[in-house]
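For chain A, the structure is supplied; the task is to place chain B on it using the hints.
Same order as they appear, the protein sequences are chains A and B.
Using the numbering used here, the letters of the first sequence map in sequence onto residues 1 to 130.
Using the numbering used here, the letters of the second sequence map in sequence onto residues 1 to 130.
In case anyone wonders, no lab produced these hints; they're calculated from the structure.
Check the hints yourself; a few may be wrong.
As the list claims (entries may be wrong) - Listed next, the in silico BS3-like pairs over lysine-lysine satisfying Cα-Cα at most 30 Å (straight line):
(1) A:LYS67 to A:LYS111
(2) B:LYS67 to A:LYS53
(3) A:LYS117 to B:LYS111
Number of protein chains: 2
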Amino acid sequence: VEENKSAITAVLKQYQDALNASDTAAVMKLYTADGAFMAQHFPTALGTEAVRKAYDRTFDAITLAVKFDIIEVVPISDEWAFARTASVGTTKLKTGGGGPEANQELFVMQKTDGAWKIARYCFSTTNPPH
Amino acid sequence: VEENKSAITAVLKQYQDALNASDTAAVMKLYTADGAFMAQHFPTALGTEAVRKAYDRTFDAITLAVKFDIIEVVPISDEWAFARTASVGTTKLKTGGGGPEANQELFVMQKTDGAWKIARYCFSTTNPPH
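Excised from the complex, chain A in its bound form (with noise of 0.2 Å):
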């Protein structure tokens, strides 16, 4: 269980990296084949191609550079875990302007090929409505 844990723990960190970088295919290796990306203001982003033009059209539109507090990491099998994490920071439009950056995530994680990814993510604001 600890050793899922801190790969898990690892891969989110990964995670919150490649955000900063806004580098797709950094996001695309921590995601499984059939993964969801549930993005606010955006439909459900199903699938490797899906997926990746999401994070392709959200990187052309901001920069962000933001911290993940991982609240929690729950293995549930040796292959499937969940966890819940809040994020801080600033998002940066191309376009000029931005401003501060708060959201909840739920992750549900899948070991294939020997390596955590995200098979399902869910995230919103905190931040009430403006």
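What follows is chain B alone, placed relative to chain A:
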């Protein structure tokens, strides 16, 4: 597996009905004691007391008429599962006004005391920002 899928599907339909009835007590029967409700624009509500307050607050502010489309229910073990849904409908503000609603939802479900319940739940809108 099929038995668990049916039971979880039934719980998700009960959740939909409880939302549409603005019935916090009915919602609470579907949550584990340590459940997390990750609603857009609010910090994560964790545990019975916080989750109850969050639904009371919601039902005080809006009346929902939504339909959940259950996209997948994936049992992981006899105790854990996850599910993904999409919901569409309308929100009516108690103060007047409202509009169309469209969300994507990720549920982690846990079987406790013989019943499947919501253990972690995050949703976000699929509508563009306005």
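Here is how each hint holds up against the structure:
1. A:LYS67 to A:LYS111: Judged against 30 Å, a Cα distance of about 24 Å means the pair holds.
2. B:LYS67 to A:LYS53: holds, 28 Å
3. A:LYS117 to B:LYS111: OK: A:LYS117 and B:LYS111 at ~24 Å, within 30 Å.
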